[in-house]
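Student: So the chains spell out like this:
6 protein chains.
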Amino acid sequence: MRILVVNVNTTESITQAIARSAQAVAAPGTEIVGLTPYFGADSIEGNFESYLAAIAVMDRVMAYDQPFDAVIQAGYGEHGREGLQELLNVPVVDITDAAASTAMFLGHAYSVVTTLDRTVPLIEDRLKLSGLWDRCASVRASGLAVLELEHEPQRALEAIVHQAELAVTQDKAEVICLGCGGMAGLDEQIRQRTGVPVIDGVTAAVTIAESLVRLGLSTSKVRTYATPRPKKIIGWPGRFGR
Amino acid sequence: MRILVVNVNTTESITQAIARSAQAVAAPGTEIVGLTPYFGADSIEGNFESYLAAIAVMDRVMAYDQPFDAVIQAGYGEHGREGLQELLNVPVVDITDAAASTAMFLGHAYSVVTTLDRTVPLIEDRLKLSGLWDRCASVRASGLAVLELEHEPQRALEAIVHQAELAVTQDKAEVICLGCGGMAGLDEQIRQRTGVPVIDGVTAAVTIAESLVRLGLSTSKVRTYATPRPKKIIGWPGRFGR
Amino acid sequence: MRILVVNVNTTESITQAIARSAQAVAAPGTEIVGLTPYFGADSIEGNFESYLAAIAVMDRVMAYDQPFDAVIQAGYGEHGREGLQELLNVPVVDITDAAASTAMFLGHAYSVVTTLDRTVPLIEDRLKLSGLWDRCASVRASGLAVLELEHEPQRALEAIVHQAELAVTQDKAEVICLGCGGMAGLDEQIRQRTGVPVIDGVTAAVTIAESLVRLGLSTSKVRTYATPRPKKIIGWPGRFGR
Amino acid sequence: MRILVVNVNTTESITQAIARSAQAVAAPGTEIVGLTPYFGADSIEGNFESYLAAIAVMDRVMAYDQPFDAVIQAGYGEHGREGLQELLNVPVVDITDAAASTAMFLGHAYSVVTTLDRTVPLIEDRLKLSGLWDRCASVRASGLAVLELEHEPQRALEAIVHQAELAVTQDKAEVICLGCGGMAGLDEQIRQRTGVPVIDGVTAAVTIAESLVRLGLSTSKVRTYATPRPKKIIGWPGRFGR
Amino acid sequence: MRILVVNVNTTESITQAIARSAQAVAAPGTEIVGLTPYFGADSIEGNFESYLAAIAVMDRVMAYDQPFDAVIQAGYGEHGREGLQELLNVPVVDITDAAASTAMFLGHAYSVVTTLDRTVPLIEDRLKLSGLWDRCASVRASGLAVLELEHEPQRALEAIVHQAELAVTQDKAEVICLGCGGMAGLDEQIRQRTGVPVIDGVTAAVTIAESLVRLGLSTSKVRTYATPRPKKIIGWPGRFGR
Amino acid sequence: MRILVVNVNTTESITQAIARSAQAVAAPGTEIVGLTPYFGADSIEGNFESYLAAIAVMDRVMAYDQPFDAVIQAGYGEHGREGLQELLNVPVVDITDAAASTAMFLGHAYSVVTTLDRTVPLIEDRLKLSGLWDRCASVRASGLAVLELEHEPQRALEAIVHQAELAVTQDKAEVICLGCGGMAGLDEQIRQRTGVPVIDGVTAAVTIAESLVRLGLSTSKVRTYATPRPKKIIGWPGRFGR
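Residue numbers (my numbering), protein chains in the order written: chain A, 1 to 242; chain B, 1 to 242; chain C, 1 to 242; chain D, 1 to 242; chain E, 1 to 242; chain F, 1 to 242.
Since the hints were derived computationally from the structure, they do not count as laboratory data.
Predicted model only: the values in this text are computed from it and were never measured.
One or more hints might be untrue.
Which copy? The list can't say, so a pair holds if one copy fits it or any two copies do.
Straight line, CA to CA, 30 Å or less: simulated DSSO-like cross-link-like pairs of lysine-lysine [as the list claims (entries may be wrong)]:
| id | residue 1 | residue 2 |
| --- | --- | --- |
| 1 | K172 | K221 |
| 2 | K128 | K172 |
| 3 | K221 | K231 |
| 4 | K232 | K221 |
| 5 | K128 | K221 |
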C-alpha cells in the first residue's frame, strides 16, 4: 500500500520529518511518500497561506504520476481537504480530523495545542466543519511560529507542555492533540510531562488511512465529494508555481 | 467610493451581469468595478473549483492597481473570504453572508435556493462558519447548473420559484435568498410569484459595503484576519493563469 | 426617506443624542425623526421596564401621523421588535441586531459592552432569538447605569474601555458593540483605545434601514410578522400614559 | 395557599374555564383566583397582542390587593414572565414552561399542538429562551383560532387530535402539550385518542406552583430577576385601560 | 400515595437520611419508602459504580412486593433512569432532572455543586441527555467524596458553600442544585450563606412525583420507554447480590 | 496482539458471527477472541436490556483471565463503554463510535440503519454523548428485531436497503452505518445496492483498536475514566448469572 503524505508548506525539511514520522508507524508493506508542494509559503499561519496551500496540495497530488492508495493532508487546521476528496477516488485523511477523531476514543474531552494565536480560529472552524468540535475543550496557542518549532525545539517543547498542562487543569482536557504537522515527534515527551495521551495527527492519520484502505472504503461520491463536472478551466492543471 | 465586485468564475458575461446589477442599486457616487479572475473554472459548483476560485479572486484583487474602498466576493457559498480579509485593509463582503444577514432583518427564518444539489453542503457550511445558520430554514437546489441559469432563464425561473414555494410552505421560510451570483436580476419576478421578500446577495452586498465604508469600519486586524506575516512564498503573486 | 428613530426610555435628552448621532451618518436625503415614548421609565435596565418600553415604542410609532419609510428601535437588548414588525409595513431595525450583524462582517467574533450586569441576560437572549449569537464572544457589563453614561461620561468611558479590553484579550473578541443606545458617540474614542472596530448600533441601524428601503425590501408578512388579525382590543390605541 | 391564575386575554369566559381547570387539580387548601387583564385583546395570536398582554398581566397582578403565594401566567408562548418575576417575590410559573418541563419527565421527546400557524414561532422562541427546547420534537398548529376553540369544541378537538397524531407518528413525539390556555379540559379526550400522555399547561403549572411554595422556593433575586431599580416611570401603575 | 425513594448506593444510613428528607416535604397522605439496593458500591463516584447501581436500583424496585405510585431514583448524575421507565408503569423521577427542572423556574441559569471532580462529566452528560443542559451555568466539584459528606458535615458544608459562591459570582448561576443525594438537608444552610435559592433534588423529586400522580400522568409507552419485549434473559431477575 | 470482541447479548451464534467478521479484517498477528456475556438478554433492544448488558460485558471482560490489548464492545447504541474504560488500562472501542467516526472520513453526513424503532433514541443519545452527532443525517429503523436478522437474512437485507436508500435520497446521507452488531457481513451487499460506502462497526472497530495499540495510545486516566476508587462493593465481581 502506498500513502502520499503531503506537506502543506514548501519547507522540504518539514516534509521529510513528517514522512519519517509517518513511516515509523506504518504497517509492514506500507510505503510512505512525502510530497512538498511546488508553490506556496514556507509555513502556513493564516487563511491566505492556507488557501494557497489548499490549491498547492491538490496540484502536487495531481502531479504525482504513480499509483497510490490514500492521501494524508499533513497540515493542522488547513483548508483544502474537500477539494482533494472531489478530485480523488482514494481516501483522503486530514491530520486535524485524524487527531481529533482518535482523541475522542481516549478521553471525554480533548484540547489542541497549536502554534500562533492567529491560527486558533482556523482550527476551531475546521473542527466544526468536520463535526468533531463537540468534545473539544479548547484550542490553545503556544505562541511559537511553525518554523520556530524546527529551530528551537527545546523552547517549543516547554511552551507546548505549558499550554497542554493548562488545557488539562483549566479546560478539563483529558487528551492533547498536537496542532501542527511540524510537531510530529514531540508526542512522547509531552505525554511524559503531562500524564495524558498525546496524539500526533500524522501518525494517527497513517493508521486511519491504512484502515480505510484495508476495509475497502473510500470517499462517498454521491453528493458533496462527487467528481467535479467537466468544464472549461483556465490555469489548471500545471501552470502554478513551476 | 469605488467597490470591486469580483466574480468567482471566469465567465465574463456573468461578471458583467453582476456588475450591472450592483451598479443599479449603488448610491450616487459609488463606482462599481466588475472583475473576472484570470484563472479558474467558468462556473463554480464544488469544492475543488471553489478553492481554485478562492485563490483566483485574491489574485485578481491584488492585481488591480487602482485605489478601492471595499470588495464584494460575488459567489454563493464559496471559499476564500477570510484570505481576502487578511490581505486587504478595506472591508470584504461575501454575498452569501450579505444575503443571509439581510434576510434576518425581514423574517423569522430564511431559505436559500441554489443551483445543483452538490453545492448545498458548501453553502450550509459557509453559513455555519459565518454564524448565520441559526435561522436558516433550508438550502434547496433547483437542479440547474450555473450556466443553465444564463442559457435557459425561463426554465431556471420556474425551477427556482418551485423550490422557493416549497421553502415557504414546507420549511417555513419567510424570506428567500437567491443562492448564486448568476441569479442576480431574478429577485423581483420571484418575489411576485412567492409573495415573500427575495434577496439577491449582490445588491445586498453593495449596500452593506457602502454602509461599512460610510461608517468608517473595516476588518479587525487583531487576530483572525491580521495581515499575513512576511515569509518566503513561491509562486505568488503573479504566476497563476497568466 | 424618513426614518423614525425611537428611543426606548422617556429621557428626552437621550432621544436627542441618538437622533443627532443617527443624522450624522444618514445619507443625503434621509430625514431622521427622533421619537420619545409617551410613557415608561426614564432608563431601561430590566425586563419589566423593557416590556413597558415595548408597548410604549409601538404606541409612540402608531401615534406618529406622518409618512415614514423605516423604524429604528434604539434600545439595546429590549423586547418589542417583533410587535412593531407586525404592526408596520415598513422595515424595522433593532439596534441590538444592527450592531451584531455589522460586527460579523468585520471579525471572527464580537463582544457587547453594556451597562449593568442585570441587563446582560436580556441582551444574550435577544441575540439568541435573532440568530446572531453564534459568534458572540461575550456580553460584558461596565457596571454603570444608563443615566450615569450621561452624567459621568469620562468615568463611563473608562469603564467601557476596560471591559472592551478584557473582551479582546480574554474572550477573543475582534469587534466591540456598544451595548446601549446612550453610548452613541463613544465609538471613536473606544476604537482608538482598544485598536478594534467599535460599532454603535444606532449608526449601524441607520445604514441598514436605508439599505433595506433602497433595495425595496420590507418585513415578510406570510407568517411570524403578519399583520395582527382584527379583534376586540381594550385600551389600545391611545389610552396609555397620556 | 392562594395562587393567582392570570389569563392573558380579556375574555372572561376563558379566565373562568382556566380557573375551574386549575381548581380541579389544586391540593386541598389551595385557593385558585382567576384574574382577567383590564386591557388587551380578547385572544392572543401574535407578538403585538402578546406584548400588550405582558404588560396587562403585570398590571392586573399588581392591582390585586390581597396576599398571594404564587402566580401562574396562563398563556401559551406569551411574552412577559420575566417582568412578573422581577416585580414579585413569589414564584411565577408560565404554562408554556410548566407543560414542557412536565413532559420531559414522561417521554424522550414532546410536541406542542397550538392554534394558528403564526403563533408557532412565538412558542418555539419561548421554549428556547426557557431552555426547554432540546427535546421538543415539533410545535404544530391546528389551524384554529383561540376563540374557535370555545365556539366549536368538537371541530377543535378533531383538528388537535389530528396534529397530535402526526406529532407522534412523524415527529416521534412521545408526549403532547396542549399549546393554548383555552385548551384546558381537552387533555383526557386527546390522550384517549392518541395513546400518549397529554399535558395541559394550566394544571401542570398549578402543581409546580404549589410545589415551589411548599419547598419554600422562590425566584432568585441576584441578577436577571432582581427587583427593578427605583426610577422615574410615567404611566405606571394604574393608568392603562381603566 | 406511596413513593419509593431508591438510594443508588448500599449505605443504609444514606438511604435513611434521604427518606427522612423526602418524608419531611411529602404531602399529607404520601408515604415515602426508602429502599437500599441489595448490591453495588457503598458510594457511587464513577461510571462503573453507576452502571452497577443502575441495575441494582432496577433489581431492588422489582423486588419490592407492595403497590406503589411512583419511584424516585435518588442519585445525582447516575445511569439507569431509562431502564426503570421501561420496566414500570408508574412515573420515575431522577433527582438530577428534578433539581435542574425546578431550578429553571427560579433563575436564568443554575449550577450544580457535586462531590468529586471525576463525577462532573457524568452529571453534565445526564443533564444533556435529559434536555436540561441549556441553562446550566456550570457543574462544580467540592472535592469531597460522598462518604465524607456524612463523616465531616461541617467541612463538607464549607467546601460546598465555597463552590456555590464561585458558581454565583463567576459562572453567573442564579440557583444552586445540590449535586448528590447525600447532601439532602444542607440546602437551607447553603441558601443562607449564598443568598440564592438552593435545591435539593430529593425534595424536588418528591413534589414532582406527587404532582405527576395527582395529574394522572405516567411514562409514555409508545417508543423509547415501551415495556421490554418478552425474551430469554439469563440471570434476571433475582440472582444478583443475594 | 489480542483483541477481545464482546457481544452484548447472550446469543452465542451472534458472538461467533461477530468474531468471524472481526477476524476477517484483522491484521496478521491480531488474534480476535469473541466473548459472550454470562448473563443478560439474548438480544438487546431497549434500555433495561442495555443496562443489564453494560454490567454483563464488564463482568465477562473482567472474568477473562488471559492478557489482551484492547476491547471492542460489539453492540450498537448500548450503555456501558465508560465503565469498561474505567476498569481497564487498554483501549476500549464501541462499535457505535467506531462506525460513526469512520463514516465521517468518507462523507459529509452519515446515517445509521438499525433494527427496531424503539432503539433509535438510544443510538441517537449514544452518538450525542460521544460527540459524533453533528454530521449524523438520521438514524432509521428497518423494523426488524435483532434475531430476525439471523433468521430471515434476505428479508432483513431488503428492509435495511430500503431504509438506506431513504437515508441517502431524503436525509442526504452520503455514508451508511450498519446499526447492529448482528448486521456484520451485510455491508458489501448493501453497498452494491445503494452506491454509497457502508460501514460495519465491528470491522471498523477492529482497525481502530489495532491502530490505538500500534500507536501506544490508551484511555486517559486523569478524570472521567480514572480507575474506580477502592471501596466496599457487594455482589461484584463474580456473583452475576453464574
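Student: For every hint, state whether the structure bears it out.
Tutor: Hints, one by one, checked against the model:
In this assembly of identical chains, K172 and K221 lie within 30 Å of each other by CA distance solely across copies; the values are 12 Å between and 38 Å within a copy. With identical chains, the CA atoms of K128 and K172 are at most 30 Å apart both within one copy (19 Å) and between copies (18 Å). Taking CA atoms no more than 30 Å apart as the test, K221 paired with K231 passes inside one copy only; the shortest distance there is 18 Å, against 38 Å between copies. For a Cα distance limit of 30 Å, the shortest separation of K232 from K221 inside one copy, 21 Å, qualifies, whereas the shortest one across copies, 37 Å, does not.
For the homomeric pair K128 and K221, the shortest alpha-carbon distances inside one copy (22 Å) and between copies (23 Å) are both at most 30 Å.
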